[in-house]
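Line by line, the protein sequences are chains P and H.
First residue of the first sequence: 1, per my numbering; consecutive thereafter.
First residue of the second sequence: 653, per my numbering; consecutive thereafter.
To be clear, the hints were calculated from the coordinates, so they are not data collected in a lab.
Since this is a predicted model, take the numbers as computed values, not measurements.
Keep in mind that a hint or two might mislead.
List time: in silico EDC-like cross-link candidates among lysine to aspartate or glutamate, alpha-carbon distance up to 20 angstroms [what the hints assert, rightly or not]:
{"#": "1", "chain 1": "H", "residue 1": "K806", "chain 2": "P", "residue 2": "D395"}
{"#": "2", "chain 1": "P", "residue 1": "K192", "chain 2": "P", "residue 2": "D395"}
{"#": "3", "chain 1": "H", "residue 1": "K806", "chain 2": "P", "residue 2": "D25"}
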Amino acid sequence: MTSPFSAIQQPRSVVGTKALRQDQDPNKNNSTRNDLVQDQRLAVAGETIPIVFCKRESFFNGAFFIGGAWIAPAMIRDACDYLFDDPALNDGQLVFSGDNPGNFVVGSVFAASQGELVSTPTLDNIYIGENALQTLTARFGTTPQVIKEYKSGTFMEANPTFCPLPSFVECNTKYMTWYAGELTTEKGFDIKSRGPNIQGFTINIFVRRLNSVSTDNTRLELPFDFFDAVTGDLVSGGGSVINFIRPCQTTNTTMRAGKVSITNWPFRTANQNTSGQYIIRLAPYIINTQSDPGDPADPAGVEFEVYVAGSQFDHVFTVAPPPAVETKAFSDITVLTIEGNVFNEEDKQYQSYFYVNEGVKVDLYSQGPTAPNVFSTGASNQFVDLACYLFKIFDDLQPGTASTLGAKIDVTNLPSIASFCAEYLLFCNGVVSQPVNLVDYISQTSRLFLLSFVSSGGQYKFRTLLPVSQDQLNDGALTPAAIFNESQILPGSFKKDYVSIEERKPFFANMVFNEILDGTVNRQQTIQVGYPSTALDAPIEQFDMTDVCADGFHAYVIAVHELARRKNTTHTVTFDVDVSSALLDVTDVVQVQLPRISSKGDNRIETETYQITDIVVNTDGTASISAVHFPLDEQDKSVIIQDMLNVLFDVM
Amino acid sequence: MANFDIMCFLEFYANRANVVSGGLRTPTRQFQNFYQVAQPLSIDVEVSGTYSYLAFDVDGFGSAEAGAVNDLSVSLAALGDLVDLTDAAMGQDTLVVASLVIQSPGQDQLDSASAQIISRYVGGIDAASIDDTTIQWTVNPLLNKTKAQIPTKKVSSSILARRQGQ
Numbered sequence: 001m002t003s004p005f006s007a008i009q010q011p012r013s014v015v016g017t018k019a020l021r022q023d024q025d026p027n028k029n030n031s032t033r034n035d036l037v038q039d040q041r042l043a044v045a046g047e048t049i050p051i052v053f054c055k056r057e058s059f060f061n062g063a064f065f066i067g068g069a070w071i072a073p074a075m076i077r078d079a080c081d082y083l084f085d086d087p088a089l090n091d092g093q094l095v096f097s098g099d100n101p102g103n104f105v106v107g108s109v110f111a112a113s114q115g116e117l118v119s120t121p122t123l124d125n126i127y128i129g130e131n132a133l134q135t136l137t138a139r140f141g142t143t144p145q146v147i148k149e150y151k152s153g154t155f156m157e158a159n160p161t162f163c164p165l166p167s168f169v170e171c172n173t174k175y176m177t178w179y180a181g182e183l184t185t186e187k188g189f190d191i192k193s194r195g196p197n198i199q200g201f202t203i204n205i206f207v208r209r210l211n212s213v214s215t216d217n218t219r220l221e222l223p224f225d226f227f228d229a230v231t232g233d234l235v236s237g238g239g240s241v242i243n244f245i246r247p248c249q250t251t252n253t254t255m256r257a258g259k260v261s262i263t264n265w266p267f268r269t270a271n272q273n274t275s276g277q278y279i280i281r282l283a284p285y286i287i288n289t290q291s292d293p294g295d296p297a298d299p300a301g302v303e304f305e306v307y308v309a310g311s312q313f314d315h316v317f318t319v320a321p322p323p324a325v326e327t328k329a330f331s332d333i334t335v336l337t338i339e340g341n342v343f344n345e346e347d348k349q350y351q352s353y354f355y356v357n358e359g360v361k362v363d364l365y366s367q368g369p370t371a372p373n374v375f376s377t378g379a380s381n382q383f384v385d386l387a388c389y390l391f392k393i394f395d396d397l398q399p400g401t402a403s404t405l406g407a408k409i410d411v412t413n414l415p416s417i418a419s420f421c422a423e424y425l426l427f428c429n430g431v432v433s434q435p436v437n438l439v440d441y442i443s444q445t446s447r448l449f450l451l452s453f454v455s456s457g458g459q460y461k462f463r464t465l466l467p468v469s470q471d472q473l474n475d476g477a478l479t480p481a482a483i484f485n486e487s488q489i490l491p492g493s494f495k496k497d498y499v500s501i502e503e504r505k506p507f508f509a510n511m512v513f514n515e516i517l518d519g520t521v522n523r524q525q526t527i528q529v530g531y532p533s534t535a536l537d538a539p540i541e542q543f544d545m546t547d548v549c550a551d552g553f554h555a556y557v558i559a560v561h562e563l564a565r566r567k568n569t570t571h572t573v574t575f576d577v578d579v580s581s582a583l584l585d586v587t588d589v590v591q592v593q594l595p596r597i598s599s600k601g602d603n604r605i606e607t608e609t610y611q612i613t614d615i616v617v618n619t620d621g622t623a624s625i626s627a628v629h630f631p632l633d634e635q636d637k638s639v640i641i642q643d644m645l646n647v648l649f650d651v652m
Numbered sequence: 653m654a655n656f657d658i659m660c661f662l663e664f665y666a667n668r669a670n671v672v673s674g675g676l677r678t679p680t681r682q683f684q685n686f687y688q689v690a691q692p693l694s695i696d697v698e699v700s701g702t703y704s705y706l707a708f709d710v711d712g713f714g715s716a717e718a719g720a721v722n723d724l725s726v727s728l729a730a731l732g733d734l735v736d737l738t739d740a741a742m743g744q745d746t747l748v749v750a751s752l753v754i755q756s757p758g759q760d761q762l763d764s765a766s767a768q769i770i771s772r773y774v775g776g777i778d779a780a781s782i783d784d785t786t787i788q789w790t791v792n793p794l795l796n797k798t799k800a801q802i803p804t805k806k807v808s809s810s811i812l813a814r815r816q817g818q
């Protein structure tokens with residue numbers, strides 16, 4: 001027992017939650033930031049790969065658009081390679097490209113989404129930090145491009161060593177390549193080996209001429225030294241110089257390129273394979289225009305690009321190349337690769353942001369079957385399609401089967417539900433990024449689409465939260481699904497609980513959502529809604545819709561529903577009835593007529609309408625019903641719906 | 653409160669993927685808890701066979717928001733073959749269909765004129781317990797409501813390349 005009046009002690013940590021906390025990092029998969037300039041986030045083994053579910057649609061003949069999603073994925077690997085080869089010119093001095101200009105290719109690979117993204121992000125909709133990718137300085141002689149790769153589980157099962165990545169990206173996890181930076185005549189830098197073994201660590205230096213100044217006697221000299229990364233000591237054998245000659249010998253051909261690899265470590269011997277990490281310090285390069293003192297010096301002015309990359313095997317292997325590596329872990333993941341420059345002038349890589357126009361491919365239950373048990377596929381912005389997709393990937397949902405055949409979710413009413421959502425622009429555009437429970441996620445998120453996810457006799461199904469007629473909110477006179485009076489409600493079973501006063505006080509609903517604009521990284525937005533008479537200093541209650549909502553009108557609809565329900569719903573009831581009169585379902589509207597008898601003689605029948613929240617059918621012949629107050633006006637119209645449709649709410 | 657007889661018809665399928673034969677549900681085992689003589693469920697034209705008598709209790713019919721607990725509890729006599737059935741069921745993707753039926757009181761057999769399925773529960777056996785006298789099944793959609801389940805994909809070590817510091 002804690003001593004009275006003692007200060008609050010730090011609570012214990014929950015065991016086994018490190019990966020969970022990493023998944024809950026607000027910076028993870030969350031592109032709604034004001035400060036876009038963040039270091040590129042590196043994926044950590046064990047973190048959850050999100051599901052990007054969205055589809056951008058135009059409305060009113062293209063007058064406006066809703067949907068899509070921005071993602072800020074983690075990078076799973078980087079890579080670089082040299083797309084040239086001219087071994088005939090390998091004369092024993094240095095390897096270079098000869099007449100082939102060649103390309104230095106740099107790539108950044110991202111695990112974008114579970115499932116297959118339908119659309120590929122376009123260059124004009126990718127940001128690196130706060131800069132559009134297209135505005136970054138062109139480097140490496142290539143125009144950036146985005147490559148989308150996806151292979152299904154079925155494919156990867158049949159092809160377990162297939163690499164579903166661009167050809168210049170290695171799938172072998174034991175081998176990696178990376179861009180280290182650009183050398184200039186003024187700037188050098190350090191490169192560290194990755195991993196504990198120096199064996200297999202190679203530095204590749206790529207040189208490309210940028211102009212055609214005569215350079216017959218010009219040599220590029222790249223001094224470097226070796227240091228022990230632990231002690232900082234200069235390692236014996238350092239102080240070397242790489243001399244590029246042949247790329248400099250060209251007289252009139254621009255864009256010639258050459259490469260040299262530093263692999264012959266002076267200290268690398270068999271018994272030094274585990275000698276730890278090393279640093280190679282590259283000095284600014286020197287252009288020596290008179291490499292042969294006996295010949296005349298070349299004119300000054302030749303310009304080069306000099307790029308440095310590392311490559312390394314994570315583990316030592318001696319003779320044979322590493323065995324074929326199974327790549328099945330890539331199954332059912334959309335991988336995006338940016339090929340080209342993503343670095344700023346200081347070779348720093350900021351977070352990448354991609355706009356996804358059409359998210360994962362799903363079965364379109366919202367459109368109904370095209371043939372018995374057959375559904376078309378594609379991207380969707382209907383929440384019911386997301387729900388069915390989640391059922392499919394987790395529980396192998398098979399479409400179209402009747403409940404008595406074991407189908408866990410009723411799909412027969414989904415086209416109607418989807419039409420209702422479309423009527424009020426209640427579209428689902430977002431990212432499922434954190435590990436959630438399937439039923440819990442769908443149940444709670446359903447309410448953000450004015451839907452209820454119901455378990456009825458062991459089968460799940462969607463119902464609208466409010467009465468609907470022809471896929472629109474029913475603003476006419478309602479007919480209760482059942483009327484319960486004194487003769488049907490079992491004596492002593494009726495109980496009424498009032499909603500707390502605090503719940504019924506006026507408030508502003510502050511809805512948080514994502515504003516998705518084409519060409520601009522999304523911003524987190526709010527819309528604050530209240531009844532017109534609400535005082536400006538009334539409490540503000542916030543509702544987070546950022547996971548699924550990409551439009552302010554959607555947020556407004558949910559806000560006014562919340563406000564109207566909170567204002568007009570005063571109590572809940574529970575009562576028992578004869579089981580034969582309980583052929584009802586959750587969200588059905590029922591009427592209760594009960595006499596109120598007093599000693600004063602002013603007896604009267606009190607009539608109220610309710611929405612069912614829960615029914616338990618007992619085998620003793622009774623059914624217990626829980627219901628929430630759902631007031632009707634004198635014309636039997638829903639007060640909540642009337643308010644939603646007719647009140648001019650304050651919007652801030 | 654009206655008078656009626658109330659009974660439950662219970663169907664057990666050893667394999668959820670193999671429920672229908674010849675266009676009808678064909679249960680592996682089927683029971684009812686009211687008549688001593690086996691009865692067909694004549695008001696359901698989609699099921700075949702007759703339901704033999706077994707004393708059992710069922711609890712949990714109804715509807716609720718999906719996030720709420722909505723399990724069906726079935727208590728059966730711990731007969732030898734039902735113990736074997738339960739043993740086998742716990743390793744399989746089973747299906748249980750329980751139908752709650754009411755009809756006019758005092759009928760000698762299921763009266764298709766007045767009988768009515770008042771509630772039905774469809775699910776698999778998620779948990780079971782057995783003691784000396786009773787077998788208890790917990791039937792539900794076989795979807796855990798507390799575990800983190802989706803997204804199902806994780807960043808695997810085998811898709812990551814080592815970065816310095818990792």
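Okay, the hints, checked on the actual structure:
1. H:K806 - P:D395: 17 angstroms, holds
2. P:K192 - P:D395: 46 angstroms, violated
3. H:K806 - P:D25: 15 angstroms, holds
Going down the numbered hints, you'll see the structure goes against just number 2.
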